[in-house]
Amino acid sequence: MIDWFSVQGRDLPWRRPGTSPWAILVSEVMLQQTPVVRVLPRWVDWMEQWPTPADLADAPTAEVLRRWDRLGYPRRALRLQECARAIVREHGGAVPRGLESLHSLPGIGEYTAAAVTAFAHHGRAVVADTNIRRVLARSVRGRALPDPSYSAAERALATRSLPAEPKRSVAWNQAVMELGALVCTARSPQCERCPLAEAGCAWYAAGMPPSVQDGRRPQRFEGTDRQMRGKIMAVLRRDGEAASADLLALDPSDPARVERCTASLVQDGLAARIGEQLRLP
DNA sequence: AATTCGGGGGC
DNA sequence: GCCCCAGAATT
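Taking my numbering, the leading residue of the first sequence gets 169, the next gets one more, and so forth.
Be careful, since some hints might not be right.
[Said to hold, decoys possible] Listed next, with one range per pair, are the computed distances between beta-carbon atoms:
| hint | residue 1 | residue 2 | range |
| --- | --- | --- | --- |
| 1 | A324 | P228 | 41 to 47 angstroms |
| 2 | Q445 | P377 | 29 to 35 angstroms |
| 3 | R355 | S421 | 32 to 38 angstroms |
| 4 | T327 | A370 | 17 to 23 angstroms |
[Stated by the list, open to error] In silico EDC-like links for lysine to aspartate or glutamate, alpha-carbon gap of 20 angstroms or less:
| hint | residue 1 | residue 2 |
| --- | --- | --- |
| 5 | K399 | E231 |
| 6 | K335 | E366 |
| 7 | K335 | D171 |
| 8 | K399 | D237 |
| 9 | K399 | E409 |
| 10 | K399 | E366 |
| 11 | K399 | E427 |
| 12 | K335 | D315 |
| 13 | K399 | E333 |
| 14 | K399 | D436 |
Hints were generated in silico from the structure; no laboratory data involved.
Please read all numbers here as calculations on a predicted model, not as lab measurements.
Yeah, the Cβ is synthetic: ideal placement off N, Cα and C, and Gly gets one too.
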């Protein structure tokens, strides 16, 4: 897989030599539940505007939310600024080392702490993103998909799969993640391109059996509070502010929903009420 | 362990 | 239309 990566791996800007640990951390936060192709232009713009934690720490929050644009989950943008401020305040402006220190930062969970350790500090860490989890589930466990939540079995598997030597572990994490993103994809995997197919994949050897679905269906997006919150944030990004009447027009049939979503955005620090106006914070 | 939290592109 | 995307925080 490491050899495969050296040939087939993408030349993503945050992988280039000389990219700062902070820039890599920013890319990881943007990539949380957001595809690479959509992150690319936002990351380039963001790092040009705010190259260091100190730059982001001092930025107006309204501008931070504007430049986050439509990456989704805008609370990530708030937490990223809080993260920058914590790094300035508690770590002298440098991204800290160590899973515990990283995990304690706002917006940095188990995955991102491991990813920053591996890709920014070149340390050995168990990086279990959706791609690595899927590659291991297929190649070792012989299943179509990983468990619904990151299980103890998966954690143990990922831990024993990671090479012991630090430098090699970094290359392994990068390679397996990329294999999952480009070849061992969730739908219609390209096994004919996979270096594991012939001798290294239990799922392929078993004839690629489908997963057993669990009947429960996730909530539809259309008509949810989540969608309404997104619509309100889109107006605020565009105009900076909005009158109550204009917001109610977003769903004339359900003014209570608009009010409920507005209140939750204010509660989350994504918007502020100034009289009858709603504004970016 | 289950929910909530955006948005868009591929199929 | 449905599904997935380098998850985190909260309950």
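Cross-check of the supplied hints:
no., hint, result
1, A324 - P228: 41 to 47 angstroms, "46 angstroms, holds"
2, Q445 - P377: 29 to 35 angstroms, "57 angstroms, violated"
3, R355 - S421: 32 to 38 angstroms, "36 angstroms, holds"
4, T327 - A370: 17 to 23 angstroms, "18 angstroms, holds"
5, K399 - E231, "18 angstroms, holds"
6, K335 - E366, "27 angstroms, violated"
7, K335 - D171, "14 angstroms, holds"
8, K399 - D237, "12 angstroms, holds"
9, K399 - E409, "13 angstroms, holds"
10, K399 - E366, "48 angstroms, violated"
11, K399 - E427, "13 angstroms, holds"
12, K335 - D315, "29 angstroms, violated"
13, K399 - E333, "48 angstroms, violated"
14, K399 - D436, "16 angstroms, holds"
Going through the hint list in order, the structure does not satisfy hints 2, 6, 10, 12, 13.
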